[in-house]
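Those protein sequences? They're chains A and C, same order as listed. Just so you know, we're using my numbering here: the first sequence kicks off at 1 and counts up by one. Just so you know, we're using my numbering here: the second sequence kicks off at 1001 and counts up by one.
By construction, these hints were calculated from the structure, which means they are not laboratory data. For each residue, glycine too, the CB sits at the ideal point set by N, CA and C. Among the clues, some could well be false.
[What the hints assert, rightly or not] Computed, partial: chain A to chain C, Cβ under 7 Å:
hint, residue
1, Gly18
2, Leu20
3, Cys24
4, Pro30
5, Phe32
6, Trp83
7, Asn103
8, Gln131
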Amino acid sequence: MTDMTRPGLSPSRIAIYGLLILACLVYLVPLFIMLVTSLKTPMDIRTGNLVALPTEWTTIGWTKAWSEACTGVQCDGISGYFWNSFKMTVPAVMISTLLGAFNGYVLAKWKFRGSDLLFGLLLFGCFVPFQVVLLPMAATLGQLGLANTTPGLVLVHVIYGVAFTTLFFRNYYVAIPDALIKAARLDGAGFFTIFFRILLPMSTPIFMVSLIWQFTQIWNDFLFGVVFASGDSQPITVALNNLVNTSTGVKEYNVDMAAAMIAALPTLVVYIVAGKYFIRGLTAGSVKG
Amino acid sequence: MEQTQRRPAGVVSAPSRLLDGLQRWLPKLVIAPTFVLIGIGIYGYMLWTGILSFTSSSFLPTYDFVGFDQYAKLMANDRWLTASKNLAIFGGLFIFTCLFIGVVLAIFLDQRIRQEGAIRTIYLYPMALSMIVTGTVWKWILNPSLGIEKLMHDWGWTSFSFDWLVNSNLAIYTIVMAAVWQASGFVMALFLAGLRGVDSSIIRAARVDGASLPLIYWKIILPSLRPVFFSAVMVLAHIAIKSFDLVMAMTAGGPGYSTDLPAVFMYAHTFTRGQMGLGSASAMLMLGAILALIVPYLYSELREKRHD
Chain A
1 MTDMTRPGLS PSRIAIYGLL ILACLVYLVP LFIMLVTSLK TPMDIRTGNL
51 VALPTEWTTI GWTKAWSEAC TGVQCDGISG YFWNSFKMTV PAVMISTLLG
101 AFNGYVLAKW KFRGSDLLFG LLLFGCFVPF QVVLLPMAAT LGQLGLANTT
151 PGLVLVHVIY GVAFTTLFFR NYYVAIPDAL IKAARLDGAG FFTIFFRILL
201 PMSTPIFMVS LIWQFTQIWN DFLFGVVFAS GDSQPITVAL NNLVNTSTGV
251 KEYNVDMAAA MIAALPTLVV YIVAGKYFIR GLTAGSVKG
Chain C
1001 MEQTQRRPAG VVSAPSRLLD GLQRWLPKLV IAPTFVLIGI GIYGYMLWTG
1051 ILSFTSSSFL PTYDFVGFDQ YAKLMANDRW LTASKNLAIF GGLFIFTCLF
1101 IGVVLAIFLD QRIRQEGAIR TIYLYPMALS MIVTGTVWKW ILNPSLGIEK
1151 LMHDWGWTSF SFDWLVNSNL AIYTIVMAAV WQASGFVMAL FLAGLRGVDS
1201 SIIRAARVDG ASLPLIYWKI ILPSLRPVFF SAVMVLAHIA IKSFDLVMAM
1251 TAGGPGYSTD LPAVFMYAHT FTRGQMGLGS ASAMLMLGAI LALIVPYLYS
1301 ELREKRHD
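Bound-form chain A, shown alone (with noise of 0.2 Å):
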């Protein structure tokens, strides 16, 4: 802070280290034992522990966790489960993030008489424990006919997560200064063409923010996936809990550890290639409000 230079190894700073390496260990030791787990036969989880490693390295864990594992009655794996959360997580984000981008650009840019309380009660709606309108929402979707399908969930999703989207979006732009919104205006330009034009062209960041918030949300949703699906329609996390704790037949942690590996990978692949825009995405909504 004071300086540039990296002060030197004095004994404070072996310990600053260590500390550090040690929480890393802390915070890295689950995965590994996930890891290890899958890849190990029943036979060697039962002889080994914890943190051994195979001592012969196999990928059953694998094949069967993603097409013969049982989850409840059915025993055809995860893998449609995991199909099921791609189908309901793609379309829900994009629609949620567009939606979020149209209504920052007009909290932002073109206030109203009444859009301050709009995004007043749209923030508060971030909040909201999701218990309050379960029972509702479960209803509607009877009606609608969507109870039960990947496109309730959708639905469901995009209603839930447009608060958090319009608070990014709005947030953004409302940083984006004014006299070049009102330039545009004099040069004639309407209200697609300024969003398209000029404001559309920066948004890269808050985009790629809004993206993986809301894609690590939907993903890893469970609540709504435990209460507005039933067997075919329902995403991974709920097969996974099925998965691991059915009752039924000897316990295989392999597969659990596999199953576990296969519903994590998505999310963990988004937040190692995008990281930094995800760091600033947790961030941003609670720290600038």
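Could you slot chain C onto chain A? The hints should help.
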């Protein structure tokens, strides 16, 4: 220039007036769908659940009003009391531990550390995982006969015993462990972002005055991060009140109902036990808890903004 020539001031044709009118309405038209979705999906449904909480609804919604009966039943319900007590234990420990770990890691990581980016990535990755995945892994690690216990036995500590996961008095603490593992890196990121925003000239001045680095952090830097504390507590409290997935994956509320949280109680009574009225009442109390936290927060946020 071209524009002004095409449309001289004062001479506005009928179609362009129509266009102007449309332009004025466009922003409202664009935001209208969201307004409708949120109006029904959040505020309408909140009201609907509120109404249900005053009825005797069981498996299907009915509208015979019974006043505060469901709330009275809730308050006398042993399982609800356990869930509320658990939320107090879980929420309190979870928030406090995450804040402590987050602050310590952020301060240490702020000391011009090599490979800071990589370390930060490692601390934060659990936040990208689903609570169901986190629950699955921790359930395995804490498995009384094959997990940590066996590891310790293999390493020679044969008297070691660790069965919290199946002990109804201690199981709630295993949920805290997993939740802290998942969220503490996020708190670290919040504080690190806050620390980066601290004006370094203040610190330089304090150093010149002979203050030690720990003292500077304790007396100057941390107090200036009050808004970050506030945001972090908000986010963590919100996660705690909503916590559902982690419990379902790790203990499903068990042993018995010793690890129930209000969110689990609400789900069980509304969707599996056919006590919709009681479930709705519990949801309304959860909303009340969030409101008690959020309203003062939003109020102070909005007031600060107006002062700017």
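Violations among the numbered hints
1, 5, 6
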